[in-house]
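Colleague: Residue strings, one per chain:
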Amino acid sequence: MAEGEKKRIDPAAMSKSELVDQLNQLQANPKTGLDQSEAQLLHELQVHQIELEMQNLELREAQQRLEEARDRYADLYDFAPISYLTLEGTGRILEINLTGASMLGDERANLIGKPFSARLALKDSQLFFLYLNRVYHSVGGSNIVTEVKIKRGDAEVDVRLESAPMKSTAGRDRTCRMVMTDISEQKRTKGALKQTLLAQEALLNTIPAKVFFKDKDLRYTAVSQGCQEFFGRPVADILGKTNFDLIPRKQAEGLQRMELSVLLSGLPERNIEHMVTDSKDNQLFFTISLAPYFGPDGKTAGLVGVSVDVTPIREAEHLSQDLLQQNRLLTQQLFSLQEEERRHLARELHDELGQWLTAIQAEAEAIRSSSGVEREPEIYANAKAIGKSAAEVQSVIRRILRRLRPALLDQLGLADSLQELATQWRQHHPKIVCDLDLDGDLGDIPEPLNITLYRLVQEALTNIANHAQASHVKVWLRRVPGVVSEPEHLLLTVQDDGKGMTPNLPLKGLGMLGMRERVIASGGEFMSQSAPGQGVCIEIRLPLVAPRKERRKHE
Amino acid sequence: MSNKLATPTSIKVMLVDDHPVVRDGYRHLLENTPDIRVVAEANDGEEACALYEQHMPNVVILDLSMPGIGGLEALRRIKAKDPAIHILVFSMHDSETLVLRSLEAGATGYLTKQGGVSQMVEAVRQVAQGKLFVDSKFVPDLMHHRLFATEDPLHALSTREFQIFQMLAEGHSVSDIAVMLSISPKTVGVHHANIMRKLRLQNAAQLVRLAIRCNVVKP
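Line by line, the protein sequences give chains A and B.
Each step along the first sequence adds one to the number in this note's numbering, with nothing skipped, and position 430 is 430.
Take any residue in the second sequence, count from 1 to its spot, add 555: that is its number in this note's numbering.
No lab work stands behind these hints: they were computed from the structure.
Everything numeric in this text was worked out from a predicted model, so none of it was measured.
Certain hints may be false.
Said to hold, decoys possible - Below, simulated EDC-like cross-link-like pairs (lysine to aspartate or glutamate); rule was C-alpha separation at most 20 Å, straight line:
(1) B:K636 x B:E586
(2) B:K753 x A:E420
(3) A:K431 x B:E659
(4) B:K741 x A:D435
(5) A:K123 x A:E147
(6) A:K388 x B:D579
(7) A:K151 x A:D215
(8) A:K431 x B:D731
(9) B:K686 x B:E716
(10) A:K187 x A:D154
(11) B:K636 x B:E602
(12) B:K692 x A:E420
(13) B:K692 x A:E95
(14) B:K636 x B:E651
(15) A:K474 x B:D731
(16) B:K634 x B:E596
(17) B:K741 x B:E716
(18) A:K384 x B:E677
(19) A:K167 x A:E95
(20) A:K384 x A:E374
(21) B:K753 x A:D435
(22) B:K753 x A:D437
(23) A:K388 x B:E677
(24) A:K151 x A:D124
(25) A:K384 x B:D579
(26) B:K753 x B:E716
(27) A:K384 x B:E586
Hey, can you work out the whole structure from these sequences and the hints?
Modeller: As structure tokens, then:
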């Protein structure tokens, strides 16, 4: 080719492959004595070669970085805590990350290309195509969410699916990306919460008390069946309302005060007595217990209340009080009847039988003394026998009389009678010291009190002798003059140093019980103190009502 | 039966009892004797006071349990009118306290209706002479009473009892005494009980009072 026509080589205008070809050509045909243009060209080419090699190096580095990034993203993809899947149009799995595979409980290799619906619980698998359809038709490619159960081994796991269609690429069917999240824990918590709520509801409806929950504004948030009956309206009509919407203002104010104080103090209140009027205008007595409950922030979120209708208990209390009162009245009558009857019996025995026996004795003695043992020995002996028999019977009567009625009470009064009682008791229980102290004038104690006091001391001493194992007994009866605050009364203290008894046990036997009833029947007070090994101390207070100077008693 | 007249030497008796059959029996019994005559019979205390002045008996046989003012009050009233009168109480009650109260009120004798009848004639004769006559069964109990206390009541106590009596009177407690005498408190308690019973004491105050009276302790 001609020199002049020689094609001007401009490396800058050459493609990379042309440059390489040119360079190789030049190096393969080394020419000695290159012309200037050739030398120029060679130089440029060599410069290009160096540049290319440098570019090559950069490219390799970039490729390595890309590979590293790809690995990193693959890791991210595979080990992300949620499952990623790519599904093709019919629902076959195109891609799935490792988390997804483990969520489905299988190897990735076994999953690729298989229909995703096969991994769903039967019911969900039949409906899965509907979901896919929705995904592919989603407006603007937005996410479509559903919750299904997947099979994992024998178990079923709740998962949430969130899918969006992918922009279709040429030659490919439509595909979608899917994110799968395990929500079984969430579901369990939800279930447990629901169960708790159901249990609470069941509790509220079963409990015989009125139970309610209120928010901070004292609006009902949950109420028991009992509340429904009390307010006379359905639960739906109570929730969200305050007491002011439901009951008379005055009562609502009373309740509000209590409830506010619990809300403010954050401290529970128990068994507050409260009277309210129900929807049928019945007056009812309640004991209410209130307790605050706290929110997650630790602040008072509202309160729970339990209100028990104690009206029947109140009524029963009143009834039992009435019955007790009647019982006491009856007991009182019984005591006075008993004493009256004894007195009557004693009089009959003394006046009728006793006097006739005395007469018989006197007559027998008269016959005996006038007959003479020598003159009429038989008559003498018979008269003596009659007198002896009569005396025997009289002794028996005397003993009965002593039990029926302390004769001294009528003859000499209370003080002498008690001293005689103590003297006799000492003779029967020689090992026990018995102190009897009498203070104040006991001479004009009116009749029912006289015998009551006598019987009380008698009963106390009998109890001590039978049960106490005491070595020392103190009986102290004193008349306490009336003052402004307290009318005149009698105080009887009986104290022993015996084995004592357990306090608060029901009074055993009729002894103490009888004493207490006798005291209460007389309008007095009965107190007993004891502990094992501490002896017993009985204190009795009897009011001395209208002590009149009674006519001398006679019999 | 009472056809015999009262002679100046015979004992004139008034019977006071609200039961006529009893009075009949007494009268039959007393009038069997040569020396006792029933001069009056009263149905109750009030009548006794009235009839007393009318008949001036030597001895009044008096029941205690009667309607109206009763025997003890009648006793006091008659005794107030005539301190020299001798009254023999004849009662159903065999209480030592009643015996004492009757004697304190001025009675000279006390018999009980159970078994006392056989002693009645003897009692009337004794009482008429102003001699104390008390149903024999009361005698041991009454010996302690100061009405009868011819001797120191403390003689009834054993040596040990007297020792404890003295210590109690000085104000020592049972447990103190037990320590001082080196015996158990239980034993002291038994002695204490015996002392109270033997001396007819009702309480600690009476014990101290008796101890002072008998010069066992200084007031």
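Colleague: For a C-alpha distance cap of 20 Å, please report whether B:K753 and A:D437 respect it.
Modeller: holds (18 Å)
Colleague: Does the alpha-carbon distance linking B:K634 and B:E596 stay inside the 20 Å limit?
Modeller: Answer holds: B:K634 to B:E596 is near 18 Å, not above 20 Å.
Colleague: Taken at face value, is the distance from the CA of B:D579 to the CA of A:K388 at most 20 Å?
Modeller: Cα-Cα ~19 Å, so holds.
Colleague: Given the proposed pairing of B:K753 with A:D435, does the C-alpha separation stay at or below 20 Å?
Modeller: holds (14 Å)
Colleague: Could you grab the alpha-carbon distance between A:K384 and B:D579 and see if it respects the 20 Å cut-off?
Modeller: holds (18 Å)
Colleague: Can you confirm whether the C-alpha distance between A:K167 and A:E95 stays at or below 20 Å?
Modeller: holds (16 Å)
Colleague: Does A:D435 lie within 20 Å of B:K741 when you go C-alpha to C-alpha?
Modeller: holds (17 Å)
Colleague: Does B:E586 sit within 20 Å of B:K636, going by the straight-line distance between their CA atoms?
Modeller: violated (27 Å)
Colleague: Please verify whether A:K384 and B:E586 have alpha carbons no more than 20 Å apart.
Modeller: holds (18 Å)
Colleague: Could you grab the alpha-carbon distance between B:K753 and B:E716 and see if it respects the 20 Å cut-off?
Modeller: holds (10 Å)
Colleague: Could you grab the alpha-carbon distance between A:K388 and B:E677 and see if it respects the 20 Å cut-off?
Modeller: Judged against 20 Å, a Cα distance of about 18 Å means the pair holds.
Colleague: Has the given pair, A:K431 with B:E659, been kept, meaning a C-alpha gap of at most 20 Å?
Modeller: violated (31 Å)
Hint violations for this structure: numbers 1, 3, 7, 9, 13 and 14, all remaining hints satisfied.
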